[in-house]
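Place chain B on chain A using the hints.
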Amino acid sequence: MSSAQAPPPASAAPAKPPSGLVAALEYTGVPKSWLSKRPRLPSRNWMIFISVVSSITYLYVDDRRQCKAIRQEYIDKVKHLSEEKLDSLDMPRKIKVFACKWPGDDEYDRSMKYFKKYVKPIFVAAAVDYELHNGNQHGALAHLLANKIKERRREEAGIATPSTSMALPGHPQSPEQVRRKELEGGTVIVGRHTFKEYMLGLRRGWTEDLAIVDEERELAKALEDDGVFDEPELPETMHADLGESDAPAPALNTQPSPIIFSPLQQMRQSAPLPPRTPAQTSSPPPFAAPVPPPDAIPTQPPILLVPFVNRLGFFNVPMMIVDFFNERRKVREGAKAAYALVISQTRDMHGSSLNVPLELQSADATDLDFDVENERYFRSSYAKRPEEIAKARANYYKELPAKITIARELARGVREPTKDETAHPPPTEVELRAERMKKEKRWREDEEAWKFLKAGERVVWDERFDGKLSLFVDPVGLGVGNLEMGDKV
Amino acid sequence: MFGLGGSSSAASSGPVNPAQIEMAVAELDMITDVFNRLVSSCHAKCISTRYSEPDLNKGESVCVDRCVAKYFDVNKKVGERLQTMGGVAQQSGSFGGGH
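Residue numbers (full-length UniProt numbering), protein chains in the order written: chain A, 1 to 489; chain B, 1 to 99.
I should point out that these hints are in silico values taken from the structure, not numbers from a laboratory. For each residue, glycine too, the CB sits at the ideal point set by N, CA and C. Honestly, I wouldn't trust all of these hints.
Simulated restraints, written as ranges between beta carbons of each label pair [what the hints assert, rightly or not]:
#, chain 1, residue 1, chain 2, residue 2, range
1, B, Ser41, A, Val430, 41 to 49 angstroms
2, A, Asp87, B, Asp73, 20 to 28 angstroms
3, B, Pro54, A, Ile159, 40 to 48 angstroms
4, A, Asp76, B, Ser40, 29 to 37 angstroms
5, A, Glu155, B, Asn36, 51 to 59 angstroms
6, A, Asp214, B, Ser41, 21 to 29 angstroms
7, B, Met85, A, Asn395, 34 to 42 angstroms
8, A, Asn395, B, Asn36, 36 to 44 angstroms
9, B, Leu38, A, Leu132, 16 to 24 angstroms
10, A, Glu155, B, Ala89, 44 to 52 angstroms
11, A, Pro294, B, Ala89, 55 to 63 angstroms
12, A, Pro307, B, Gly93, 33 to 41 angstroms
For reference, chain A alone in the conformation it holds in the complex (with noise of 0.2 angstroms):
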């Protein structure tokens, strides 16, 4: 019994007292079990799953954490240009930016946004002011571009509109001083398809003649002896009722005592219209012989060009997921960008093979050629435009006779309105010719455009272009702080 009743005291404990971490948390309430385990990894899933969200979490932390500093970096490189002196009459360099929709894309700000996140921050920094315009249509920019173009040289031939511009404090510039300002400032073109634009408008706008054209007015006769509209057994010609589709008029005019909740909106009120509205009104001088288009243009303000992918479709999203984890590239090339620009170092385009330098030949390079491998990235379908509009006008022609007809028999009260008809009234005749002429408009802007824009067309070049337009370089060797070169600050 003693034998069995003497298990030595000394084995519940262990040989020695328990030292050190051991020691300390003896007494903290810790469970004793907890203390003598040995430690040991998690099981094989939890290591796996650990491993797995702790990577992709990290991937994602060090990419953005590596985009704040290179944004840093760069701003630090341009700071010190936002703190000189401005008089209180200049104007700081102001630099105009151009975004269009990708082809086959549904959002039509995407290059926009792109600018905004990237290379903005940089103009910010360098105090550089920026103009936006973003081509909400294919095409769109296009036409902006020729009409300002057109615009330009009515003035310069003395046939222009006078504009009504306000005169402010050291505003009546003479034109001179204008083209100066633009020629220090600067162009941003966002991708490849707003460079085919920019270049088709700047060729549009050098070549067609200056008859101020009204597009509206050329479809609405165009469609008008289309015979849509026509009836079948009445001759009655029914006139198309056009003044109607350009303007509701403002809510404003039409109120017996307008309560004006800012002074600026009455300023808009009672000033005169805009330019736009004076050439329509009063008839312009038929030219007596039209004028030519100048065989040499002037000088073109620097472009800088931003290369830009949008990644369309299923089949990219494994690229979207890479280029989610890699943001730090994109804002590194827009932020070298924006540093060319503001460095300002430019060199000439080359548009013709024939005057590329020899270190830049290489079988038809030219800088037409720029940024021409993310041409694959245009929606596939948008090759086959034309034939999706062919089909939609097919479609909306074979159901425009009903509604026209039903239009007709409630206009002249052939027959009562139905039940749904009083609830939901269907569309009067004007309203649909109304419609026609905005889809036809709009199905003739986007076919003209899909020629140009399409995957595998080329930019378009004219020889007058040689020698006048110019591109913004990476500044080769320069330091933060060294200023002396093409600095247009």
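Same frame as chain A, but now just chain B:
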């Protein structure tokens, strides 16, 4: 620049019309109010309080330009929106359209 809207009515008639004067005074008050708010808002946002030199530097100039442009834009839009809302309320016969 601000006088475009109001000056046309004030300068036309010879014998002064008290109603027109009232309108002109009200408009001037509104404009001054807008101007004061604009100045205080953009000054607070754009111009740092550490005055190291008398002239504005480029960063501040650009900031002030854009601040003023945005302010005018928003002011106009809000005014138009209030006006259409007020017009709708007037037409439907109920004032202070709730929402």
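### Query
Looking at the structure, which of the earlier hints fail to hold?
Hints 5, 6, 8 and 12 not satisfied by this model.
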